[in-house]
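These protein sequence lines map, in sequence, to chains A and B.
First residue of the first sequence? That's 244 in my numbering, and the numbers climb one at a time after it.
First residue of the second sequence? That's 244 in my numbering, and the numbers climb one at a time after it.
Watch out, some of these pointers could steer you wrong.
Copies of the same chain look alike in the list, so a pair counts if it works inside one copy or between any two.
Cross-link-like lysine to aspartate or glutamate pairs, in silico, DMTMM-like; alpha carbons within 20 angstroms at most [unchecked claim]:
no.	residue 1	residue 2
1	K245	D297
2	K403	E450
3	K371	E416
4	K360	D433
5	K474	D520
6	K354	D433
No lab work stands behind these hints: they were computed from the structure.
There are 2 protein chains.
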Amino acid sequence: MKLAVSIGDPNGIGPAIALLGHEKLRAFCRPLYLVHPKLIQHAADLLGIKVPDDFDTHAPSCAPCPVTPGQISAEAGAYSFASFTQGVRLCQEGLADALLTLPIHKTAWQKAGIGYKGHTDALRDFFKQEAIMMLGCEKLFVGLFTEHIPLRHVPKAVEKERLVDFLKRFEEETKARKIGVLGLNPHAGDGGVLGSEERIIEAAIAEADGGRGVFEGPLVPDVAFTPAMRKRFTYYVAMYHDQGLAPLKALYFDESINVSLNLPILRVSVDHGTAFDIAYRADQTISLQSYLQAARYAAEKVSAKSGARR
Amino acid sequence: MKLAVSIGDPNGIGPAIALLGHEKLRAFCRPLYLVHPKLIQHAADLLGIKVPDDFDTHAPSCAPCPVTPGQISAEAGAYSFASFTQGVRLCQEGLADALLTLPIHKTAWQKAGIGYKGHTDALRDFFKQEAIMMLGCEKLFVGLFTEHIPLRHVPKAVEKERLVDFLKRFEEETKARKIGVLGLNPHAGDGGVLGSEERIIEAAIAEADGGRGVFEGPLVPDVAFTPAMRKRFTYYVAMYHDQGLAPLKALYFDESINVSLNLPILRVSVDHGTAFDIAYRADQTISLQSYLQAARYAAEKVSAKSGARR
Numbered sequence: 244m245k246l247a248v249s250i251g252d253p254n255g256i257g258p259a260i261a262l263l264g265h266e267k268l269r270a271f272c273r274p275l276y277l278v279h280p281k282l283i284q285h286a287a288d289l290l291g292i293k294v295p296d297d298f299d300t301h302a303p304s305c306a307p308c309p310v311t312p313g314q315i316s317a318e319a320g321a322y323s324f325a326s327f328t329q330g331v332r333l334c335q336e337g338l339a340d341a342l343l344t345l346p347i348h349k350t351a352w353q354k355a356g357i358g359y360k361g362h363t364d365a366l367r368d369f370f371k372q373e374a375i376m377m378l379g380c381e382k383l384f385v386g387l388f389t390e391h392i393p394l395r396h397v398p399k400a401v402e403k404e405r406l407v408d409f410l411k412r413f414e415e416e417t418k419a420r421k422i423g424v425l426g427l428n429p430h431a432g433d434g435g436v437l438g439s440e441e442r443i444i445e446a447a448i449a450e451a452d453g454g455r456g457v458f459e460g461p462l463v464p465d466v467a468f469t470p471a472m473r474k475r476f477t478y479y480v481a482m483y484h485d486q487g488l489a490p491l492k493a494l495y496f497d498e499s500i501n502v503s504l505n506l507p508i509l510r511v512s513v514d515h516g517t518a519f520d521i522a523y524r525a526d527q528t529i530s531l532q533s534y535l536q537a538a539r540y541a542a543e544k545v546s547a548k549s550g551a552r553r
Numbered sequence: 244m245k246l247a248v249s250i251g252d253p254n255g256i257g258p259a260i261a262l263l264g265h266e267k268l269r270a271f272c273r274p275l276y277l278v279h280p281k282l283i284q285h286a287a288d289l290l291g292i293k294v295p296d297d298f299d300t301h302a303p304s305c306a307p308c309p310v311t312p313g314q315i316s317a318e319a320g321a322y323s324f325a326s327f328t329q330g331v332r333l334c335q336e337g338l339a340d341a342l343l344t345l346p347i348h349k350t351a352w353q354k355a356g357i358g359y360k361g362h363t364d365a366l367r368d369f370f371k372q373e374a375i376m377m378l379g380c381e382k383l384f385v386g387l388f389t390e391h392i393p394l395r396h397v398p399k400a401v402e403k404e405r406l407v408d409f410l411k412r413f414e415e416e417t418k419a420r421k422i423g424v425l426g427l428n429p430h431a432g433d434g435g436v437l438g439s440e441e442r443i444i445e446a447a448i449a450e451a452d453g454g455r456g457v458f459e460g461p462l463v464p465d466v467a468f469t470p471a472m473r474k475r476f477t478y479y480v481a482m483y484h485d486q487g488l489a490p491l492k493a494l495y496f497d498e499s500i501n502v503s504l505n506l507p508i509l510r511v512s513v514d515h516g517t518a519f520d521i522a523y524r525a526d527q528t529i530s531l532q533s534y535l536q537a538a539r540y541a542a543e544k545v546s547a548k549s550g551a552r553r
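Looking at chain A on its own, in the form it has when it is part of the complex:
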């Protein structure tokens, strides 16, 4: 399995993760790093480590940028975007089976004049398809029905047709046999006393499920993630960003990954940022958990798919 790895912002912890995680990745896939040999060598020198001999690189179609630890720069923004788009291209051309993205810095992208808020946003535009953001780990995955919008816009975004469509795609992509769908209001509206959006959610669940018993809900949000409920569900659909991600990150912060569903390519990502504050610092330890989980998830999906094709 060939895994394209975009390097992320060179001034953050992306290069260190790629270098330190290489051996573990090699155990189950063939990583292909979208970075100039010169740049990764510079990063390795700053980190005081060696670039592994079998560290396969594929340079993005731009000049390498200097590494300036912890700095927000337009060059680094442009470089991380080029690395990312190169990875997308390799997947489209069948030269890689999946893309693992290391963290970019949003302000660096802005400085470089890149008009996307992040990877997912860019992927939506590249493919003109409604990518679904799912975060989690093998114990708990949460799909986000709404994502980066102000909380005050969330209630009106709960529309039946859009939700039916979302639920169907989420099921199709995850192949989950049981999916918990959260309500919107405290106590899931408590029979209408605390909000009425649950009627829309109920109707959407009924239509997407068609009596098959795959979808359950609207679940009472504050008790949806208790230990007893997590025995019943591994896959959840949250109505908004923090509803799903706060419980997920309270429970499984280090091991969580980010998966883009409903796209022509398989893209996974670490669930953390560039961590400029600890980048290239000898006194800081960088967790590889999310990175390795993301790579493993991609490897499993690819092998399941090729198994299904046979």
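Given the coordinates of chain A, assemble chain B onto it according to the supplied hints.
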């Protein structure tokens, strides 16, 4: 320390908890159960257990009602309300140091013509004071700035003066030396791109804190409860119900309790409902964790207060 225990809905798990938890409670306080001896005897017979010899009761000022396991009834609703108000009275008259309430059933209260949504709502009205709802356990407490309102009403409820007042009272009541205040929007508004209520929250924090460094925020909601953040904060203020309670219950469901702050009496409660589905069933185990934690919390607060008075 004398602890008044209101019995909750007699058809739920309240009487079983009082009976089964008695010996453990006796180890650190003097419980006084607000229930007729005849009613608790009936409950004990149904449960096939004995009423302990030193089970002190103080009958509410109403007739005892029959116990009908798992049934919603007006009589049971009226009885649980009478038991509760009796407990409030004992605390007001100094005959008890704190009140521990066992769960009531909201619909049973409605059937009995009681116009309150629950204990906290009633306490607000009795004392004409803005009770603060705090839930949690010794590892993590969350105060709720807004509670039982539809999510769509939450953003406009974030008003500076009300929040300043809430923060001051929360600090005064908890004596916490560090309090994390959550933002409202994803990524705490991300500099205004994802909502602007964080500016109000920021201003309220600045005013309540006055440069003392007690309050911190607005915290990014989805990462406020990660293990690293929980090392920094034990006390949090959430802007809305599920923002605070979903992470809390994901982490510490069984041991969580409910505390009413900012009232002339000290009132604690279990953080679960009447559990009609398992009430009086020999094949079901009832967790006493939340009950015992609530009693212990009350005992500690009372002893801290009397220590301060000396």
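Exercise. Checking K360 and D433: alpha-carbon separation at most 20 angstroms within a copy, between copies, both or neither?
Worked result: Result: close only across copies, 11 angstroms inter versus 36 angstroms intra.
For this session: Please work out whether the CA atoms of K371 and E416 approach to 20 angstroms or closer within one copy, between two copies, in both situations, or in neither?
Result: within (17 angstroms within a copy, 53 angstroms between copies)
For this session: Check K403 against E450 for me: Cα-Cα at most 20 angstroms, and say if that holds within a copy, between copies, both or neither.
Result: Classified as within: same-chain Cα gap 9 angstroms, cross-chain 43 angstroms, threshold 20 angstroms.
Exercise. Should K474 paired with D520 be assigned to within, between, both, or neither, using CA atoms and 20 angstroms as the limit?
Worked result: For K474 and D520, only the inter-copy Cα distance (19 angstroms) is at most 20 angstroms; the intra-copy one is 37 angstroms.
Exercise. Within a copy, between copies, both or neither: where do K354 and D433 come within 20 angstroms Cα-Cα?
Worked result: Result: close only across copies, 16 angstroms inter versus 47 angstroms intra.
For this session: If the cutoff is 20 angstroms on CA atoms, where do K245 and D297 land: within, between, both or neither? Let me know, please.
Result: within (14 angstroms within a copy, 72 angstroms between copies)
Checked against the numbered hints given earlier, this structure breaks none of them.
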